[in-house]
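A.B. asks: Residues per chain, in single letters:
4 protein chains.
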Amino acid sequence: MDKQELIAGVKIYFNENIPFNKHMGIDVIDLGMDAVRIGINMRPELVGNAIMNILHGGVTATLLDVSGGLAAIVHTIDKLDSFDGNLLFEKLKTLGTIDMRVDYLLPGKGTHFEATAKVVRHGRKVCVTRMELHNERGEQIALGTATYIVG
Amino acid sequence: MDKQELIAGVKIYFNENIPFNKHMGIDVIDLGMDAVRIGINMRPELVGNAIMNILHGGVTATLLDVSGGLAAIVHTIDKLDSFDGNLLFEKLKTLGTIDMRVDYLLPGKGTHFEATAKVVRHGRKVCVTRMELHNERGEQIALGTATYIVG
Amino acid sequence: MDKQELIAGVKIYFNENIPFNKHMGIDVIDLGMDAVRIGINMRPELVGNAIMNILHGGVTATLLDVSGGLAAIVHTIDKLDSFDGNLLFEKLKTLGTIDMRVDYLLPGKGTHFEATAKVVRHGRKVCVTRMELHNERGEQIALGTATYIVG
Amino acid sequence: MDKQELIAGVKIYFNENIPFNKHMGIDVIDLGMDAVRIGINMRPELVGNAIMNILHGGVTATLLDVSGGLAAIVHTIDKLDSFDGNLLFEKLKTLGTIDMRVDYLLPGKGTHFEATAKVVRHGRKVCVTRMELHNERGEQIALGTATYIVG
Chain A
1 MDKQELIAGV KIYFNENIPF NKHMGIDVID LGMDAVRIGI NMRPELVGNA
51 IMNILHGGVT ATLLDVSGGL AAIVHTIDKL DSFDGNLLFE KLKTLGTIDM
101 RVDYLLPGKG THFEATAKVV RHGRKVCVTR MELHNERGEQ IALGTATYIV
151 G
Chain B
1 MDKQELIAGV KIYFNENIPF NKHMGIDVID LGMDAVRIGI NMRPELVGNA
51 IMNILHGGVT ATLLDVSGGL AAIVHTIDKL DSFDGNLLFE KLKTLGTIDM
101 RVDYLLPGKG THFEATAKVV RHGRKVCVTR MELHNERGEQ IALGTATYIV
151 G
Chain C
1 MDKQELIAGV KIYFNENIPF NKHMGIDVID LGMDAVRIGI NMRPELVGNA
51 IMNILHGGVT ATLLDVSGGL AAIVHTIDKL DSFDGNLLFE KLKTLGTIDM
101 RVDYLLPGKG THFEATAKVV RHGRKVCVTR MELHNERGEQ IALGTATYIV
151 G
Chain D
1 MDKQELIAGV KIYFNENIPF NKHMGIDVID LGMDAVRIGI NMRPELVGNA
51 IMNILHGGVT ATLLDVSGGL AAIVHTIDKL DSFDGNLLFE KLKTLGTIDM
101 RVDYLLPGKG THFEATAKVV RHGRKVCVTR MELHNERGEQ IALGTATYIV
151 G
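Line order of the protein sequences matches chains A, B, C and D.
Residue numbers for the first sequence follow the working numbering, so the first one is 1 and each next one is one higher.
Residue numbers for the second sequence follow the working numbering, so the first one is 1 and each next one is one higher.
Residue numbers for the third sequence follow the working numbering, so the first one is 1 and each next one is one higher.
Residue numbers for the fourth sequence follow the working numbering, so the first one is 1 and each next one is one higher.
Think of the hints as simulated: they come from the structure by calculation, not from any bench.
Some clues are possibly wrong.
Since the list gives no way to pick one copy over another, a pair counts as held whenever it fits inside one copy or between any two copies.
As the list claims (entries may be wrong) - In silico DSSO-like links for lysine-lysine, alpha-carbon gap of 30 Å or less:
1) K125 - K109
2) K125 - K91
3) K91 - K109
4) K109 - K93
5) K22 - K91
6) K109 - K79
7) K11 - K118
8) K11 - K109
9) K11 - K22
10) K93 - K125
11) K3 - K125
12) K93 - K3
Turn these sequences into a full structure, and let the hints steer you where they fit.
C.D. replies: The following block contains the structure:
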C-alpha cells in the first residue's frame, strides 16, 4: 500500500466502522495534508436547545475532536517510513486524544456544519491541532485546540 | 415556585426536552448544590473504537459539558432573588458555555458512566466548573474544566 | 480624544505603568486592529533551563496573556460609541482574563521573541483571542487561546 | 542516592539554578507525593495593575506551571526503578509542559501566594496535574490544569 491508499482506508474506516460517527451522521469529506474536513447535516436529534434550534455543544465538541484526530492520523501516516498496514495499525492503536479545548463562539444555527482541522505541530510524541466549525453560511461557530499522543 | 421546584423542573427539562440528551441516553440523576450527577449506560452506538469497545471521546466531552452546564444552572437558581419562572427563563436564555477543556485520562471502558460537576466559582458574569467522568468501577476516565456566561 | 489617541495611550500605559511588564522587559510594538504585537529580548533572568538556555514557560505564558489582553482592549476601544477617556477607563477596569490555554510547541531558544494576538470573536460580554509566540528565526514556540470578559 | 535525596536535590535545583524562578522570587516549600507547594511574596515588580495592586496574570500562570511541573517530576522520580542521578537526568531532560490551562477566579490581591499541585494521572507518556493558587487569606485566586510529557 502507498500513502494515498492508507489515507483512503482511514476515510472508509471513519465513515463506516466507528459506531458513534455513524450514529451522529458524520461524513469525512477530505483528508488532506493541509487540512482535514468533515461535515454533518443538522437533524432534530442533534439539537441542544429546541426553542432556538441550536446544535448541542456536545456535537460541536465531537466534530472538533474527530477532525483533529483525523488530522493527526494523516500526518502520522505521512511520516511513516514504510507504508505497510501493520505498522500503521500499531501506530493508530496508541494514538489518542490527550486533551482538547473548545471555544464556543456563536450559537450553532444552521442546516449543515463543517469542521476543518490543521496540524500546528507534529513532534515525535505529541501532535497539536487547531480546529474550526462553520455553518453553511460560513459563520464560525466554534474553535478548538487539541493534543494527541502519536509516539 | 420555590427553589427546589425550579431545580426539579430543570431536571425534567434536561431529561425530556433536550433532543440530543435523549438521543444519547443521558440521565440526570441528581442536581445538588454540592455536585451535579448525570449518567449514561454504554450502548453499541456510543463506541468510538469498536475493537477495544471504548466510549467515543465526543460522548465524554458531551457528558462533561452537560454536567458542568447543569451545575452552573443550579447555582444560578440559588442566587436568584425571587424564584419566578420568567426570571429564570430570562437567565437561562443567556446562559451558555464559553469554553471547555477535556483531559482524557483513561480509555473509556465500562458499562455505565457517570459525570459529576462542581462549581469552583460563581461570579456575577462567569461561572467556572470542574467535572469528572468515572465508569462503574470508579475509574476516572476524564477530567473537565469549563466556563459559562451567567450574567 | 479619538480612537487612535486612546490606543496610543494604551501603548504608553502598558510599556510604562505595568510593573511586571517593565520587570520582564516587555515592549509593546504595535496595536493594530488586525493584530497586536509585543516583543522581548532574551536575558539571563528569563531562562528556565540554564543548561539549554531556554525561555521559562512562565515567560511564554506571560507574553501570550499580555498580547491577548491588548488585542481585546484594542477591539473594545474600536467598539466604543464615544471616545472619552472615562468611558474607556470604566470599560478597562472590568476587563480581565477569564481563562487561557498555552500550547508549548518548541523549546524557547532564541535571542528575541515576539507574541502576536488576534481577536477571533468580540461579543458583547466575552472576547476570544488566539496568540502565537515566535523567535527571531520565525520558529513558532507556542500557541495560545484566551477569553476575556469585556462587558 | 535514594528517592528522598533525589527529591531534595530537585528542591535545591529549582530554588537555586532556575534563573527565572530566582528572578521572580519563587520558593519551593514542599515536594510531597500528595501535593507540591511553592510560594511567593508580593513585591512591587510582580504587580499587573498598579492602581488595584493586583498580581500580574503572568505571575499566576508561572506559579501554576512551576508547581505542576514539580508535581510531575516528583511522581516521575517515584516511578523510577533505580534511583541513580543519571537516569533521572535523562528523564528530566525530556520532561516538558505540553499545554496548560489557567482559570483566573479572583483578582490576585494579597501579600503572599501559594500554589499547590496534585497529579491526577501519571501514565507512561503523559502526566496530568491540577493546580491551585491561594493568597495568605486562603482565597483561591486561580485554578490550573496541565499536561507534561514524561516518557
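A.B. asks: At most 30 Å between CA atoms: does that hold for K109 and K79 within a copy, between copies, both, or neither?
C.D. replies: between (38 Å within a copy, 25 Å between copies)
A.B. asks: Pop the pair K93 and K3 into one bin, within, between, both or neither, using alpha-carbon distances up to 30 Å.
C.D. replies: Within one copy, since 18 Å is at most 30 Å while 34 Å is not.
A.B. asks: Check K93 against K125 for me: Cα-Cα at most 30 Å, and say if that holds within a copy, between copies, both or neither.
C.D. replies: For K93 and K125, the Cα distance is within 30 Å both inside one copy (14 Å) and across copies (15 Å).
A.B. asks: Please sort K125 with K91 into within, between, both or neither, judging by C-alpha distance up to 30 Å.
C.D. replies: both (11 Å within a copy, 15 Å between copies)
A.B. asks: How would you classify K125 and K109 at a CA-CA limit of 30 Å: within, between, both, or neither?
C.D. replies: between (37 Å within a copy, 20 Å between copies)
A.B. asks: For K11 vs K118, is the C-alpha pair at or below 30 Å within one copy, between two copies, both, or neither?
C.D. replies: The answer is within: 16 Å in one copy meets 30 Å, while 33 Å across copies does not.
A.B. asks: 30 Å Cα cut-off: does K109 pair with K93 within a copy, between copies, both or neither?
C.D. replies: Classified as between; 15 Å across copies, 36 Å inside a copy.
A.B. asks: With identical chains, the pair K11 and K22 could be close in the same copy or across copies; at 30 Å between alpha carbons, which is it: within, between, both, or neither?
C.D. replies: both (13 Å within a copy, 29 Å between copies)
A.B. asks: Indicate which option fits the pair K11, K109 if close means a Cα-Cα distance not exceeding 30 Å: within, between, both or neither.
C.D. replies: both (27 Å within a copy, 25 Å between copies)
A.B. asks: From the Cα coordinates, with 30 Å as the cut-off, is the pair K91 and K109 best called within, between, both, or neither?
C.D. replies: between (37 Å within a copy, 20 Å between copies)
A.B. asks: With identical chains, the pair K3 and K125 could be close in the same copy or across copies; at 30 Å between alpha carbons, which is it: within, between, both, or neither?
C.D. replies: For K3 and K125, both the intra-copy (21 Å) and inter-copy (27 Å) Cα distances are at most 30 Å.
A.B. asks: If the cut is 30 Å between Cα atoms, do K22 and K91 qualify within a copy, between copies, both or neither?
C.D. replies: Within. Shortest intra-copy distance 24 Å satisfies the 30 Å Cα cut-off; inter-copy 35 Å does not.
This entry satisfies every hint, going by the numbered hints stated previously.
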